[in-house]
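Start from the sequences and build out the full structure, keeping to the hints where you can.
Protein chains: 2
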Amino acid sequence: MNDLAASSCEACRIDAPMVSDDEASVLIKEIEGWHLINDGVKKLKKEFNFSSYSDSKDFTNKVADMADQEDHHPQIILEWGKVTVIWWSHKIKGLHKNDFICAAKTNNISKN
Amino acid sequence: MNDLAASSCEACRIDAPMVSDDEASVLIKEIEGWHLINDGVKKLKKEFNFSSYSDSKDFTNKVADMADQEDHHPQIILEWGKVTVIWWSHKIKGLHKNDFICAAKTNNISKN
Numbered sequence: 006m007n008d009l010a011a012s013s014c015e016a017c018r019i020d021a022p023m024v025s026d027d028e029a030s031v032l033i034k035e036i037e038g039w040h041l042i043n044d045g046v047k048k049l050k051k052e053f054n055f056s057s058y059s060d061s062k063d064f065t066n067k068v069a070d071m072a073d074q075e076d077h078h079p080q081i082i083l084e085w086g087k088v089t090v091i092w093w094s095h096k097i098k099g100l101h102k103n104d105f106i107c108a109a110k111t112n113n114i115s116k117n
Numbered sequence: 006m007n008d009l010a011a012s013s014c015e016a017c018r019i020d021a022p023m024v025s026d027d028e029a030s031v032l033i034k035e036i037e038g039w040h041l042i043n044d045g046v047k048k049l050k051k052e053f054n055f056s057s058y059s060d061s062k063d064f065t066n067k068v069a070d071m072a073d074q075e076d077h078h079p080q081i082i083l084e085w086g087k088v089t090v091i092w093w094s095h096k097i098k099g100l101h102k103n104d105f106i107c108a109a110k111t112n113n114i115s116k117n
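Those sequence lines, one after another, are chains U and V. Take any residue in the first sequence, note its place counting from 1, add 5, and you have its number in the working numbering. Take any residue in the second sequence, note its place counting from 1, add 5, and you have its number in the working numbering.
Some hints here could point you the wrong way.
[As the list claims (entries may be wrong)] Here are a few chain V residues that face chain U, going by a calculated C-beta distance under 7 Å:
1) Pro22
2) Lys67
3) Ile82
4) Leu83
5) Trp85
[Claimed, not checked] Below 16 Å or equal to it, Euclidean Cα-Cα: the simulated EDC-like pairs (lysine to aspartate or glutamate) are:
6) U:Lys102 - U:Asp20
7) U:Lys62 - V:Asp70
8) U:Lys62 - V:Asp63
9) V:Lys67 - U:Glu84
10) V:Lys62 - U:Asp73
11) U:Lys67 - V:Glu84
12) U:Lys62 - V:Glu37
13) V:Lys50 - U:Glu84
14) V:Lys62 - U:Asp20
15) V:Lys67 - U:Asp63
16) U:Lys96 - V:Asp73
17) U:Lys50 - V:Glu84
18) U:Lys87 - V:Asp73
19) U:Lys67 - V:Asp63
20) U:Lys62 - V:Glu84
These are calculated hints, taken from the structure and not from any lab test. Owing to the predicted nature of the structure, the values given are computational and were not obtained by experimental measurement. Note that CB positions come from ideal geometry on N, CA and C, so glycine has one too.
Given below as structure tokens:
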């Protein structure tokens, strides 16, 4: 488990600092397989592939349970063969360290 | 329960007939709140709003269970406050009657 995965989300206020591009380029290296995307808002995205729909559902539920525990909720796209997870911080309309923490936790869930 | 919701999906072959635009304009009236979208492939889309994340998760699971039972799998987008469900038939890259049947069943799940 890396340092990010062992961290917990802090409360994200509307004036919380966004992760800078320099910080993001360092943090992204700690979360295998995640990509920075920008659809007007900077986000973290990763696709997880599964050979059974049942496994996709289980993974979706585990990520959703972790999200509820951290009180930080991603977009989870469940479909045949894959689950796509997208993290960002709604309140600051961008990336907070919380998103990298939750991406690392999502990776851990996929490995269990 | 309307006729669509009481139907079951039939096996969708690669040469199965797409629903025509005329048929779609009739069938769409039977599935409250669903919209026809076209992102290169014609699809049915509806957003379901929930006041708790737990309710969103429960709905996601119920729709996924129905999908598995019908062996027809939608895109389900789970996020804070809402679940978006998108039905289309991958094999024919468009809309089959199965999609309208599953949209009607999704409405029934949301009402239970």
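These are the hints, each one checked on the structure:
1. Pro22: violated, 22 Å
2. Lys67: violated, 11 Å
3. Ile82: holds, 5 Å
4. Leu83: With a closest approach of 4 Å, the Leu83 of chain V hint holds.
5. Trp85: Since chain U brings a Cβ to about 4 Å from Trp85 of chain V, closer than 7 Å, the hint holds.
6. U:Lys102 - U:Asp20: holds, 14 Å
7. U:Lys62 - V:Asp70: Between Lys62 of chain U and Asp70 of chain V the Cα gap is close to 9 Å, so the pair holds against 16 Å.
8. U:Lys62 - V:Asp63: Holds, at about 12 Å.
9. V:Lys67 - U:Glu84: holds, 14 Å
10. V:Lys62 - U:Asp73: With a Cα-Cα distance of about 10 Å, the restraint between Lys62 of chain V and Asp73 of chain U holds, given a limit of 16 Å.
11. U:Lys67 - V:Glu84: holds, 14 Å
12. U:Lys62 - V:Glu37: violated, 26 Å
13. V:Lys50 - U:Glu84: Holds. Lys50 of chain V to Glu84 of chain U sits at ~14 Å (cutoff 16 Å).
14. V:Lys62 - U:Asp20: Roughly 29 Å separates the two Cα atoms, so the pair is violated.
15. V:Lys67 - U:Asp63: Satisfied, since the Cα-Cα distance of roughly 13 Å is no more than 16 Å.
16. U:Lys96 - V:Asp73: Roughly 36 Å separates the two Cα atoms, so the pair is violated.
17. U:Lys50 - V:Glu84: holds, 14 Å
18. U:Lys87 - V:Asp73: holds, 14 Å
19. U:Lys67 - V:Asp63: Judged against 16 Å, a Cα distance of about 13 Å means the pair holds.
20. U:Lys62 - V:Glu84: holds, 15 Å
Comparing the model with each numbered hint stated earlier shows that hints 1, 2, 12, 14, 16 do not hold.
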